[in-house]
Amino acid sequence: MSSHKSSRKNISNLHVPEPLNRPGDTPDFSNLHMPDLVSDKTHTLPRPDPMVDAYETEELASGLVRVLTLDGRTKGPWDPKLDADTMRLGLRNMMLTRSVDKRMFTVQRQGKASFYMKSLGEEATAVATAMALKDTDMVFPSYRQQGLLLSRGYPLRDLMCQVLSNSGDKLEGKAIPICYSSREKAFYSIGASLGTQMSHAVGWAMGCAYKGTDGVSCAFTGEGATAEGDFHYALNFSSTYRAPAIINVVNNQWAISSFQGIAAGQSKTFAYRGLGFGLASLRIDGNDFLAVYAAIAWAAERARAGGGATVIEHFTYRKEGHSTSDDPSKYRAKEEPDAWPLGDPVDRLKEHLILIGEWDEERHAALEKELDAFVLKAYKEAESFGTLTTETGINPRTMFEKVYEEMPSHLKRQRQELGI
Amino acid sequence: MSSHKSSRKNISNLHVPEPLNRPGDTPDFSNLHMPDLVSDKTHTLPRPDPMVDAYETEELASGLVRVLTLDGRTKGPWDPKLDADTMRLGLRNMMLTRSVDKRMFTVQRQGKASFYMKSLGEEATAVATAMALKDTDMVFPSYRQQGLLLSRGYPLRDLMCQVLSNSGDKLEGKAIPICYSSREKAFYSIGASLGTQMSHAVGWAMGCAYKGTDGVSCAFTGEGATAEGDFHYALNFSSTYRAPAIINVVNNQWAISSFQGIAAGQSKTFAYRGLGFGLASLRIDGNDFLAVYAAIAWAAERARAGGGATVIEHFTYRKEGHSTSDDPSKYRAKEEPDAWPLGDPVDRLKEHLILIGEWDEERHAALEKELDAFVLKAYKEAESFGTLTTETGINPRTMFEKVYEEMPSHLKRQRQELGI
Amino acid sequence: MPKNNNAKQMNMIQAINSALDIKMSQDPDVLVFGEDVGYFGGVFRCTAGLQEKHGLHRCFDAPISEGGIVGTAVGMGAFGLRPVVEIQFADYIYPAFDQICSEAARLRYRSNGDFTAPITIRSPMGGGIHGGTSHSQSPEALFTHIAGIKTIIPSNPYDAKGLLLKAIEDNDPVVFFEPKRLYNGPFDGDLNKPVDSWANHELGQVPEGHYTIDFEKARMHKEGSELTILCYGTMVWVAEAAVRETGVSADIVDLRSLMPLDLETIVASVKKTGHCMILHEATRTSGFGAELSALVQEHCFYHLEKPIVRVTGWDTPYPHALEWEYFPGLERVSKSIIQMMEG
Amino acid sequence: MPKNNNAKQMNMIQAINSALDIKMSQDPDVLVFGEDVGYFGGVFRCTAGLQEKHGLHRCFDAPISEGGIVGTAVGMGAFGLRPVVEIQFADYIYPAFDQICSEAARLRYRSNGDFTAPITIRSPMGGGIHGGTSHSQSPEALFTHIAGIKTIIPSNPYDAKGLLLKAIEDNDPVVFFEPKRLYNGPFDGDLNKPVDSWANHELGQVPEGHYTIDFEKARMHKEGSELTILCYGTMVWVAEAAVRETGVSADIVDLRSLMPLDLETIVASVKKTGHCMILHEATRTSGFGAELSALVQEHCFYHLEKPIVRVTGWDTPYPHALEWEYFPGLERVSKSIIQMMEG
Ligand SMILES: Cc1ncc(C[n+]2csc(CCOP(=O)(O)OP(=O)(O)O)c2C)c(N)n1
Ligand SMILES: Cc1ncc(C[n+]2csc(CCOP(=O)(O)OP(=O)(O)O)c2C)c(N)n1
Ligand SMILES: [Mg+2]
Ligand SMILES: [Mg+2]
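Residue numbers (the working numbering), protein chains in the order written: chain S, 52 to 471; chain Z, 52 to 471; chain C, 4 to 346; chain W, 4 to 346.
The hints are simulated quantities; they were obtained by calculation from the structure and are not laboratory data. Some clues are possibly wrong.
As the list claims (entries may be wrong) - Pulled a few chain W residues facing chain C out of the computed Cβ check, cut under 7 angstroms: (1) Phe47; (2) Pro98; (3) His133; (4) Thr136; (5) Ala293; (6) Ala297.
Predicted model, so just to flag it, every value in this text is computed and none were measured. C-beta atoms are modelled at their ideal positions from N, C-alpha and C, and glycine is treated no differently.
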């Protein structure tokens, strides 16, 4: 525990939760509320029929659903039994995401973009979700699920041009970097206001049910943003109208500098919040590609069959700073990311594939190189459309467009006033 | 089930919950999610130590804590074992509340007040709460807990002048009828925006903890208003900071014309929402004076001892219209109030007192008469300060006061403009 | 003006109900939800009968959660539906403020047209029913400050129906405020007169079928030559009474649509009369009257003979007992007209 | 103007931090909470060191719930504390809008003084850091429309500290917006110049101890005779640069407090100069400039020689790539001055 806590005045009984580790501490996760990992006990959690009564998911909401053991095997009833090709594709998508992140982080550091956010360590939550859903199932990301977009084959160049806010940007520089939008890829427009997408996802799901389609919507929030009212609305409305929605809480332990306990309070798990609304609820090992895949597939099946929404807490860890504006060494122990007891999602899937003889270090290294080159090539092309430090090439007239469907006269007057 | 449901187009899979009974139906509560009342099974629910781990209250959150049986006996570990004087005072406070309600309803019907809200059938939730708390514990009512104010001895005349919005009104006619405020009686200012008081209560409780007092705050919301974000904030903040708060959800089955299922969705109980945040949670028979008393006392003890907040769902029934503006026969079966399986709180406490030889019909009738006379006398006095149909006697200058502590110049200019 | 032979006498509630009914009949993507709007038909009865006629899944009750109501509506709108939601009182729109301002208003822009929120948010506004601080507010100005939202306020049954049909068909999010004091009749601010009903008014003659009224098109309620009165909602009728009482020859411009705004009509009128008065019930400071005043002086500076006058609600909450002292009623408006024209 | 010998060079972040530190030292009832304000000291570092110095229970992180933050603050305020909460960006104040408008602003009035909410809501506002639609907004006008709230916007370290101390001591709820582009220096809107720092400015000389600046008291930033420029926050520095560039002789009135407003200073200046220009970064329609324009024409009609001009952000969301085309910068302000004075 860090030293400055000693200055606390003890007159007060106000309880303020504190994280396990602060800068200077040797990371220790032994007090993390989590089942015993070594015994693999959690691998025996049952996989009930997706139409099970929601309250019977209690042990899944307070436990931890896992498939991959820490030594690379699969175990337990949640194993989705994917074939090697699918797993290799998952590995590739995660590695691609990681490679794009690395590149764009560098680009921002070079001053060519104003902002970027990595998803390092959390790639499985997005990639396995995209692969377990239909491509037409609408996803409502927060801002750390670029893996969804990349898994669905969104052109790298388009993604990068958005980050560069240049003339190649399909959003014409209107949105800040990483606030992608692609109806084509069934990827909802990201807004930076936390939580708001959660009730949109439920509205979309209600639309699916209203129209009698078998569509499912799939929303993501960070654990920190569960404190917003919108999370509550999403749980409430999906419970009331049995909306075919999947409500993912990515618990990556940190919300900028606040640890998950600030949002969790005395809750055992975030999944348990779902139970409070009579929704099926699972807590899963978010660094376990197969567990994520299995949980999403289960929830999608439940939703499509009319069973309503499922809340899924992805228990994972944010290995990097919150964004390019953040320096995590200011508020947490430097070694925390490596001490995270659930490992790294890329490493774990890779090890499993190697263990079952479907992958090897050479192929892995080659793939990494291939992806880096692929990403670099796309980046070069994207950069040719301009950057922050050169010219973005965006026509100022576009500023007045798309505020409304048709431009009202006051905006025409203002455009004139600007002399363009 | 009512007939117009047949017009539903079946193309849609959108689920919209419907109440058990609609106008024209013969009320039937057999499908109400509730333990078997006849067997009195629920009376055996344990009363754990108030400092119990929150998750161990699971069966209390999904069950129904009761003390009074339907034939007037007491049973089970939650019996607060109150002496007869205390119970008689409780009966009196409930009857006083009922008498005031009756009077003010009539007054509104005579056009002398713009609005009124009765609490018929729900008196126990407020009265037993007031009696189980210290008089200094701050209560944050919704608008149907006039029983709190009356139990704490608030002058009837003051209450009535507020409803009449006349020159005797301590609020100088600023607030609509029933939006009382009395810091003296530790009764928080009622605002008409639903739910907002919930986080105020938690802030107040945090203040108590911060200052190291043993104060407790006690908030009320209707079950309908739990859908507001503020309810979520209250649960979240009280869980995070272990605020000494009691969070009461008065589930009176109706929210104006919407039945409780619109807010509940697939939740078993509203108490279960608290469990989602790791808060101790109880569902209690809200028409059982002794159960309410016991639950509040338990929660207050927990809060004072540093155990944090408790969520209590009072399972009760709104026997009258939502307010004087409402006609419940438009949306629910006329006979529902009488068919309510948990009876009436006044009748049940009365029967218990009679059963144990501490009360009789004559004394009851006499008390009723005494209270009606007492109320009428107070009303006559209140009316002498004016009514809506006569003159309210409120000085127009007061309109500009108390917007800010000191009147800024623009308000002085506006007052001047009005020529007063 | 209604010239339709199929016109029927309707009050504003019936006109709104008719618009909803027609749109629900025409377009299966239109659905209606909100607090108490389903079986019961709304606390002001605007959605009466819609559930019975169109089905439980097309007109239903929502949890008491204005934020959730608007948030799910935005999602439905993005999906391709046209939800029409009711906020029970305009005073209770604030819990939905973030969803309206950060989401509904911004979705088209930030996604560059990839996603849109073609939703309509109906809400009764204004005072006059002894509703006090929390059932009387007129928050329209707030929405006019948010780029991406349209703000509409009808003053009569005919406009209410045509504008609501337009709002539902519009592909932008529309906040549609209904002056509740006008639901049953054109209240003119004279407390001593018996309450008027729409049955006696031309604007209470409403075509039974479908028609729309364009936004950005003010309605010239009365024409005159000496004074321009800019107003909307309840204040249109107060203006009419005050003009009658004072005998001034005035253009009464019923804006109907605050955003987008029909500046052309406003400017033409003020240039003609040289005098401008602005009325609204909302709190004065930063009310929509401020914007109107700013625009008028920007565009008609050299035509103005007198300072523009705002007659509005005071900068206080709406007091319960002193409702009529707060309300910018006939007496205050008439007095201001006289002061302006004779002063 | 700071004439204090104990003055120290501070940027705006340090000045704000100093105000918080002083108040926390003086008054045990002052506590600070908000997202990331505790151990980390806030994403803009305004609360750095406060937790370490004053204790975990006096400066702490809150759940990401602006509504909950303001709601609990109102409760604490009613209890008797003086919470100072931070909303991480002004763009994220909307989830708290209901708690601010329906509760903090109304508690005193509806309870007739029985309960009050002496809370301070700090929030960084404005553009200039490539924050796009959701990290650049200037929502001040919305709050000026809500009776019961005070709205303060400092333009420099000296004022920031004195006004913040005043806000914390004030018994009414105060929304205190901090122009984030000014945290580190007086940005004058000239993108081609190296960024200035407060070290070179008199207003960066800030007394170390306690002092307060009254609300409803504008600061005459520069004096002149031909033109009155009404502005606040970042625009004060743009105005200064534009006045320098155009050579016009202008009063630059830094309002500091929007509500309550120092109308007297404004009116005196406009009556002197006969010309009035209003600057703000916020969206134009129903921005605070509208209210200022309305007031000026109401009070100075016969002194105005030209129409009042508003130079503001456009009625669009704040675009990311076109940030500087949106921003009412040096070029636009200078051009407007020239047009007004020569046109
Ligand atoms: C309404 C709102 N409040 C505050 C912020 C500022 N903010 C951006 S990200 C963030 C932390 C979110 O943490 P979490 O939800 O855990 O997601 P993570 O970043 O860990 O993926 C905050 C406070 C915001 N964007 N929107
Ligand atoms: C924010 C807000 N939305 C809507 C309303 C209108 N309204 C007043 S009471 C009520 C029903 C509340 O039901 P419930 O919470 O169950 O309380 P009960 O009346 O049953 O005690 C509604 C919708 C309001 N007052 N505030
Ligand atoms: Mg997180
Ligand atoms: Mg209820």
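Structure-based check of each hint:
| no. | hint | verdict |
| --- | --- | --- |
| 1 | Phe47 | 21 angstroms, violated |
| 2 | Pro98 | 5 angstroms, holds |
| 3 | His133 | 15 angstroms, violated |
| 4 | Thr136 | 6 angstroms, holds |
| 5 | Ala293 | 4 angstroms, holds |
| 6 | Ala297 | 4 angstroms, holds |
Hints 1, 3 from the earlier list are contradicted by this structure; the remaining hints agree with it.
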